[in-house]
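Chains as they are written, first to last, in the numbering used here: chain U, 1 to 130; chain R, 1 to 130; chain S, 1 to 130.
These are computed hints drawn from the structure, not numbers from a lab.
Just so you know, not all the hints are guaranteed correct.
Which copy is meant is left open, so a pair is good if it fits within one copy or across any two.
[Unchecked claim] Once the Cα atoms are required to be at most 20 Å apart in a straight line, the calculated EDC-like pairs of lysine to aspartate or glutamate come out as:
hint: 1; residue 1: LYS2; residue 2: GLU99
hint: 2; residue 1: LYS123; residue 2: GLU99
hint: 3; residue 1: LYS23; residue 2: ASP53
hint: 4; residue 1: LYS2; residue 2: ASP53
hint: 5; residue 1: LYS23; residue 2: ASP100
hint: 6; residue 1: LYS123; residue 2: ASP55
hint: 7; residue 1: LYS123; residue 2: ASP100
hint: 8; residue 1: LYS2; residue 2: GLU78
hint: 9; residue 1: LYS123; residue 2: GLU27
All of these numbers come straight from a predicted model, not from anything done at the bench.
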Amino acid sequence: MKSFTILTPTRTALVNITSHVSKAVTESGIRNGAVVVYVPHTTCGITINEAADPDVAQDILMQLDKTVPRGRMYRHREGNADAHIKTSLLGTSATVLIEDGQLVLGTWQGIFLGEFDGPRNRKVYLQFLS
Amino acid sequence: MKSFTILTPTRTALVNITSHVSKAVTESGIRNGAVVVYVPHTTCGITINEAADPDVAQDILMQLDKTVPRGRMYRHREGNADAHIKTSLLGTSATVLIEDGQLVLGTWQGIFLGEFDGPRNRKVYLQFLS
Amino acid sequence: MKSFTILTPTRTALVNITSHVSKAVTESGIRNGAVVVYVPHTTCGITINEAADPDVAQDILMQLDKTVPRGRMYRHREGNADAHIKTSLLGTSATVLIEDGQLVLGTWQGIFLGEFDGPRNRKVYLQFLS
Numbered sequence: 001m002k003s004f005t006i007l008t009p010t011r012t013a014l015v016n017i018t019s020h021v022s023k024a025v026t027e028s029g030i031r032n033g034a035v036v037v038y039v040p041h042t043t044c045g046i047t048i049n050e051a052a053d054p055d056v057a058q059d060i061l062m063q064l065d066k067t068v069p070r071g072r073m074y075r076h077r078e079g080n081a082d083a084h085i086k087t088s089l090l091g092t093s094a095t096v097l098i099e100d101g102q103l104v105l106g107t108w109q110g111i112f113l114g115e116f117d118g119p120r121n122r123k124v125y126l127q128f129l130s
Numbered sequence: 001m002k003s004f005t006i007l008t009p010t011r012t013a014l015v016n017i018t019s020h021v022s023k024a025v026t027e028s029g030i031r032n033g034a035v036v037v038y039v040p041h042t043t044c045g046i047t048i049n050e051a052a053d054p055d056v057a058q059d060i061l062m063q064l065d066k067t068v069p070r071g072r073m074y075r076h077r078e079g080n081a082d083a084h085i086k087t088s089l090l091g092t093s094a095t096v097l098i099e100d101g102q103l104v105l106g107t108w109q110g111i112f113l114g115e116f117d118g119p120r121n122r123k124v125y126l127q128f129l130s
Numbered sequence: 001m002k003s004f005t006i007l008t009p010t011r012t013a014l015v016n017i018t019s020h021v022s023k024a025v026t027e028s029g030i031r032n033g034a035v036v037v038y039v040p041h042t043t044c045g046i047t048i049n050e051a052a053d054p055d056v057a058q059d060i061l062m063q064l065d066k067t068v069p070r071g072r073m074y075r076h077r078e079g080n081a082d083a084h085i086k087t088s089l090l091g092t093s094a095t096v097l098i099e100d101g102q103l104v105l106g107t108w109q110g111i112f113l114g115e116f117d118g119p120r121n122r123k124v125y126l127q128f129l130s
């Protein structure tokens, strides 16, 4: 298992972590299999989506805010219930395939940490499976 | 592969199954890898979220009810279309990492079965990967 | 790793790809483990849900359209921001268990490609893990 830490910039953000994952895959020496990208947190998740136009990430965050608004209508008293709910919608991990020692991503795909209660230091764990 | 069955208490519920998964990991003898926690159903899912404050689970269920209301506006004639839709939003599995024979979960994380059409007996399958 | 291509029929569709995955599992010779079903795209996803009544798939698509409407309120200028957002809600992969050389699916479960910006040719990658 490998891990890295990132500092997220704002309360909500989609942070592109593809290069971190790609570097770890190379260092691991794994040739074929998959990597599970996992966050041990409950107010951020992982998603794979378009990395070329940053507007896509903004639209995802905006829609999540619209569907799951921040506010006082929740029971959880810490003011971040919306962040927990968004985390369950995204999921806390993504599994990405590896072939010939390389991440198998589509042309437009990037791996993102979806921050919903930042800014914070977030850990990302990587487990390699074959 | 291992499996266990749980009886869910109400129509919708987030049931903490972490101890079942943890026990199975120990029994399996696996040291490093991952476990796929999978439900073979179409009206319940799996999610990882906060296990400390039970209000978080209630908020997740409440928001899912708000976004995907139960009712007669669906084509599926069994009255549980909302449960199917919520299942696709959560997903039918979670992959959790294993290191040194232990589940790698964050301080606040628990593994939950998200029941959307209970009460029912639900099967959970566990597959260990390395 | 294996792959196949499908042509999706309409802008949005849930296309049942279970038989393609099942056939590939048989051909792979894998006896026990899991298969990761992965799409290298950013406007379609993978979900597991009921395959018996096609109304369930229609209800899922209808609800996603309602929660994430198509329109001009997004920043992404290609007119398919809704498709990107729906992809993050579903996820780009599903992990399905394999036992005794067979996919482990529940009675009602099928594996679907969720198309949100078709019709298009879509690639599906399969990685076998044990």
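Here is what the structure says about each hint:
{"no.": "1", "hint": "LYS2 <-> GLU99", "in the structure": "both (19 Å within a copy, 11 Å between copies)"}
{"no.": "2", "hint": "LYS123 <-> GLU99", "in the structure": "between (25 Å within a copy, 16 Å between copies)"}
{"no.": "3", "hint": "LYS23 <-> ASP53", "in the structure": "neither (23 Å within a copy, 37 Å between copies)"}
{"no.": "4", "hint": "LYS2 <-> ASP53", "in the structure": "neither (29 Å within a copy, 29 Å between copies)"}
{"no.": "5", "hint": "LYS23 <-> ASP100", "in the structure": "within (14 Å within a copy, 24 Å between copies)"}
{"no.": "6", "hint": "LYS123 <-> ASP55", "in the structure": "neither (25 Å within a copy, 25 Å between copies)"}
{"no.": "7", "hint": "LYS123 <-> ASP100", "in the structure": "between (27 Å within a copy, 19 Å between copies)"}
{"no.": "8", "hint": "LYS2 <-> GLU78", "in the structure": "neither (31 Å within a copy, 37 Å between copies)"}
{"no.": "9", "hint": "LYS123 <-> GLU27", "in the structure": "within (18 Å within a copy, 28 Å between copies)"}
Violation of the numbered hints given earlier is confined to hints 3, 4, 6, 8; the remaining hints are satisfied by the structure.
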